[in-house]
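Work the whole structure out from these sequences, hints included.
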Amino acid sequence: SQQGEEDPQALSIQEGENATMNCSYKTSINNLQWYRQNSGRGLVHLILIRSNEREKHSGRLRVTLDTSKKSSSLLITASRAADTASYFCATDAGDDKIIFGKGTRLHILP
Amino acid sequence: DVKVTQSSRYLVKRTGEKVFLECVQDMDHENMFWYRQDPGLGLRLIYFSYDVKMKEKGDIPEGYSVSREKKERFSLILESASTNQTSMYLCASSSISGRAADTQYFGPGTRLTVL
Chain A
16 SQQGEEDPQA LSIQEGENAT MNCSYKTSIN NLQWYRQNSG RGLVHLILIR SNEREKHSGR
76 LRVTLDTSKK SSSLLITASR AADTASYFCA TDAGDDKIIF GKGTRLHILP
Chain B
9 DVKVTQSSRY LVKRTGEKVF LECVQDMDHE NMFWYRQDPG LGLRLIYFSY DVKMKEKGDI
69 PEGYSVSREK KERFSLILES ASTNQTSMYL CASSSISGRA ADTQYFGPGT RLTVL
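First to last, the sequence lines map onto chains A and B. Just add 15 to wherever you are in the first sequence, counting from 1, and you've got the numbering used here. Just add 8 to wherever you are in the second sequence, counting from 1, and you've got the numbering used here.
By construction, these hints were calculated from the structure, which means they are not laboratory data. Watch out, some of these pointers could steer you wrong.
What the hints assert, rightly or not - Once the Cα atoms are required to be at most 20 Å apart in a straight line, the calculated EDC-like pairs of lysine to aspartate or glutamate come out as:
{"hint": "1", "chain 1": "A", "residue 1": "K71", "chain 2": "B", "residue 2": "E77"}
{"hint": "2", "chain 1": "B", "residue 1": "K79", "chain 2": "A", "residue 2": "E70"}
{"hint": "3", "chain 1": "A", "residue 1": "K112", "chain 2": "B", "residue 2": "E38"}
{"hint": "4", "chain 1": "A", "residue 1": "K112", "chain 2": "B", "residue 2": "E70"}
{"hint": "5", "chain 1": "B", "residue 1": "K21", "chain 2": "B", "residue 2": "D36"}
{"hint": "6", "chain 1": "A", "residue 1": "K117", "chain 2": "A", "residue 2": "D98"}
{"hint": "7", "chain 1": "A", "residue 1": "K41", "chain 2": "A", "residue 2": "E68"}
{"hint": "8", "chain 1": "A", "residue 1": "K117", "chain 2": "B", "residue 2": "D67"}
{"hint": "9", "chain 1": "A", "residue 1": "K112", "chain 2": "B", "residue 2": "E64"}
{"hint": "10", "chain 1": "B", "residue 1": "K63", "chain 2": "B", "residue 2": "D46"}
{"hint": "11", "chain 1": "A", "residue 1": "K41", "chain 2": "B", "residue 2": "D67"}
{"hint": "12", "chain 1": "B", "residue 1": "K78", "chain 2": "B", "residue 2": "D46"}
{"hint": "13", "chain 1": "B", "residue 1": "K63", "chain 2": "A", "residue 2": "E70"}
{"hint": "14", "chain 1": "B", "residue 1": "K61", "chain 2": "B", "residue 2": "D36"}
{"hint": "15", "chain 1": "B", "residue 1": "K21", "chain 2": "B", "residue 2": "D46"}
{"hint": "16", "chain 1": "A", "residue 1": "K85", "chain 2": "A", "residue 2": "D98"}
{"hint": "17", "chain 1": "A", "residue 1": "K112", "chain 2": "B", "residue 2": "D59"}
{"hint": "18", "chain 1": "B", "residue 1": "K61", "chain 2": "B", "residue 2": "D34"}
{"hint": "19", "chain 1": "A", "residue 1": "K117", "chain 2": "A", "residue 2": "D22"}
{"hint": "20", "chain 1": "A", "residue 1": "K112", "chain 2": "B", "residue 2": "D67"}
{"hint": "21", "chain 1": "A", "residue 1": "K112", "chain 2": "B", "residue 2": "D110"}
{"hint": "22", "chain 1": "B", "residue 1": "K79", "chain 2": "B", "residue 2": "E30"}
{"hint": "23", "chain 1": "A", "residue 1": "K117", "chain 2": "B", "residue 2": "E64"}
{"hint": "24", "chain 1": "B", "residue 1": "K63", "chain 2": "B", "residue 2": "E87"}
{"hint": "25", "chain 1": "B", "residue 1": "K65", "chain 2": "B", "residue 2": "D34"}
{"hint": "26", "chain 1": "B", "residue 1": "K79", "chain 2": "B", "residue 2": "D46"}
{"hint": "27", "chain 1": "A", "residue 1": "K112", "chain 2": "B", "residue 2": "E87"}
{"hint": "28", "chain 1": "A", "residue 1": "K84", "chain 2": "B", "residue 2": "E80"}
{"hint": "29", "chain 1": "B", "residue 1": "K61", "chain 2": "A", "residue 2": "D110"}
{"hint": "30", "chain 1": "B", "residue 1": "K65", "chain 2": "A", "residue 2": "E70"}
{"hint": "31", "chain 1": "B", "residue 1": "K11", "chain 2": "B", "residue 2": "E87"}
In structure tokens:
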């Protein structure tokens with residue numbers, strides 16, 4: 016029951032550059048969330064954007080949502096080594112459940 | 009600070025053993041979830057619970073059962089462990105939101121190896 020799909024699957028950029036990840040989904044949603052997972056650890060919630068919002072910011076993170084295209088993007092500005100992680104989008108699936116995509120692996124090069 | 013803890017970070021068991029994975033949250037959340045995460049497959053929902061003594065099957069419940077005797081504790085049970093259950097197991101909790109799913113808070117994960 017895959018809902019969100021991240022693109023690209025993997026991304027390597029130089030420290031200081033901006034990183035952009037995309038998420039596409041199939042059915043209408045109430046909200047969309049982004050999570051980060053450092054290697055071998057649990058997921059950490061980054062940001063939640065509701066279906067009636069178009070853009071949201073949190074520190075160096077900027078999330079956009081285009082419900083007409085059923086897509087979202089996560090922008091990390093001025094990347095740091097500590098941003099190296101996997102990033103997942105998650106869409107609500109009814110009954111308080113969410114469905115995760117397979118993630119984008121981001122590697123920040125020194 | 010929000011906290012979800014899991015009983016073990018790493019666990020090695022033998023085929024056929026009964027395995028218990030424990031998860032405890034201190035946020036008074038109603039919802040608790042168990043996922044497994046495998047390379048190339050992402051996170052898949054095994055079971056979830058909306059309240060004490062309530063449980064619902066997720067996408068891949070076969071070979072697993074759960075127990076929720078107290079609100080803060082949600083246990084995942086592998087009745088007879090098999091090698092294809094070698095995986096990373098993640099527990100999460102969230103509050104009831106009504107219509108749209110709320111933020112989920114995750115534990116650090118248990119990497120289970122079944123020999």
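Practice prompt. Would you list, in rising numerical order, the hints stated earlier that this structure does not obey?
Written response: When the structure is compared with the hints, numbers 1, 2, 5, 10, 12, 13, 16, 23, 25, 26, 27, 28, 30 and 31 turn out to be violated.
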